[in-house]
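Peer 1: Now for the letters of each chain:
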Amino acid sequence: GENVEQHPSTLSVQEGDSAVIKCTYSDSASNYFPWYKQELGKRPQLIIDIRSNVGEKKDQRIAVTLNKTAKHFSLHITETQPEDSAVYFCAASNPSGGTSYGKLTFGQGTILTVHP
Amino acid sequence: EAQVTQNPRYLITVTGKKLTVTCSQNMNHEYMSWYRQDPGLGLRQIYYSMNVEVTDKGDVPEGYKVSRKEKRNFPLILESPSPNQTSLYFCASSFIWAGELFFGEGSRLTVL
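Chains as they are written, first to last, in this note's numbering: chain A, 11 to 126; chain B, 278 to 389.
Keep in mind that the hints were calculated from the coordinates and are not lab data.
Heads up, the beta-carbon is just placed ideally off N, CA and C, and yes, glycines get one too.
It is possible that part of the hints are untrue.
Simulated DEER-style distance windows between Cβ atoms [said to hold, decoys possible]:
(1) A:V30 with B:E356: 41 to 51 angstroms
(2) A:V64 with B:A279: 22 to 32 angstroms
(3) B:P285 with A:L50: 12 to 22 angstroms
(4) B:T299 with A:A80: 39 to 49 angstroms
(5) A:K68 with B:E356: 39 to 49 angstroms
(6) A:G65 with B:L318: 28 to 38 angstroms
(7) A:E93 with B:E382: 16 to 26 angstroms
(8) B:T299 with A:K52: 17 to 27 angstroms
(9) B:K295 with A:P92: 43 to 53 angstroms
(10) B:K295 with A:E25: 47 to 57 angstroms
For reference, chain B alone in the conformation it holds in the complex (with noise of 0.2 angstroms):
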């Protein structure tokens, strides 16, 4: 089944506790994407990603690192998470750079 899979879903940490949140997608896509959902700002883009080692900033990037060593995974990291990352956020992919996205379930994260 094509998917694109976030881990973990739901996860509660605290302030300064380094954490990664896994991306992978099973589709060959080329572009992928990390955005936050937060009420009343829709959809912010944190970074994104071209191709394999190809990644670039977002609109909101601070506090967030990425990388993209394999085609397939694209893991969001959070250095020194804080409580302004409170917040849900979706893995998306597309076969091409403007082309349809598909998200994956989100992930919930709670920063104390």
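Here chain A stands alone, though its shape is the one from the complex (with noise of 0.2 angstroms):
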């Protein structure tokens, strides 16, 4: 079955700063790349995703690429604040089919913070 590894698991930043999460995964026809945010003490939500159809996606301060040929991703936040203190965690899946459907992997999360 399909394997993800998120790293680094903690990180610190300065707000301003940029921060960046790589995940890595195993099954070469995963093609589903969700990533999801949790605030302490909350649910988890959804921030972004890709599809391996695209290599990279923007939503304002957040990006994802992603780079089929190596199995990984990797989640961009530029212009870090406060706010973005929470726990992310990247999932793969393949939607396609196949002894994997229907199952969605996480990684094991990246707690980030962010100093004033």
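Starting from the two chains in their separate frames, assemble the complex, guided by the hints.
Peer 2: Here's what the structure looks like:
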């Protein structure tokens, strides 16, 4: 089955700096890659996702890049703000079928702290 | 208001005492899933359901059961809970498979 590795496990930045979180996946058939943000004590919420027919997707200060050859994808947050502090999870799945149909595998999470 | 509702939110129980965590969504979503969250392990999928009467195992199904008799409800059943099932549990749903997941508020379970 799919295995997703996420790094780093913790990331500390100063307000205004950029933050990058990287995930690698094992199943070359995976082609849907969402990112979820979980604030302390809250539920995870989708912040951005990408499908394998594109290499990059942006939404204001966040962007996701995908390298299917290397089987990794990354979350980029620019001009970080204290409210960006949270746990971020990447995930991977193969929506097309096979034994992984219906499964969404998450990474271990990254605790991002943005210092004012 | 569109939401995923889980109950109970907090529960302390003892080994072997059957319990059910309910999950209900009011968005007419086809796909529903259960996850457990443990420190350092992220979110791990327990079971999922593509639609009514269609359920399948995720990555960590041992010790759990589910059912999907109605589209809106997807209860998680622990027939004989053990301490290693102490965790934070999330139910989630999406309109279609591989769409945005909407999570419930979570249920923190402690098994003594």
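Peer 1: Would you say the C-beta atoms of A:V30 and B:E356 sit inside 41 to 51 angstroms of each other?
Peer 2: 44 angstroms, holds
Peer 1: A:K68 and B:E356, beta-carbon distance inside 39 to 49 angstroms?
Peer 2: Roughly 47 angstroms apart at Cβ, these two residues keep to the hinted range, so it holds.
Peer 1: Could you check the hint for me, namely that B:K295 and A:P92 are 43 to 53 angstroms apart, CB to CB?
Peer 2: About 44 angstroms separates the Cβ atoms of B:K295 and A:P92, which means 43 to 53 angstroms holds.
Peer 1: When you take the CB atoms of B:P285 and A:L50, is the distance between them in 12 to 22 angstroms?
Peer 2: The hint (12 to 22 angstroms, Cβ to Cβ) holds, given that B:P285 and A:L50 are roughly 21 angstroms apart.
Peer 1: Cβ-Cβ distance between B:K295 and A:E25: within 47 to 57 angstroms?
Peer 2: 49 angstroms, holds
Peer 1: For the range 39 to 49 angstroms, tell me whether the beta carbons of B:T299 and A:A80 fit it or not.
Peer 2: At 42 angstroms between Cβs, range holds.
Peer 1: Could one say that the CB atoms of A:V64 and B:A279 fall in the range 22 to 32 angstroms?
Peer 2: 28 angstroms, holds
Peer 1: Could one say that the CB atoms of A:G65 and B:L318 fall in the range 28 to 38 angstroms?
Peer 2: 30 angstroms, holds
Peer 1: Mind checking the hinted window 16 to 26 angstroms against the Cβ distance between A:E93 and B:E382?
Peer 2: At roughly 20 angstroms between Cβ atoms, B:E382 and A:E93 fall inside 16 to 26 angstroms, so the hint holds.
Peer 1: Confirm or reject the claim that B:T299 and A:K52 have a C-beta distance inside 17 to 27 angstroms.
Peer 2: 20 angstroms, holds
Every hint, counting from the list given before, is met by this structure.
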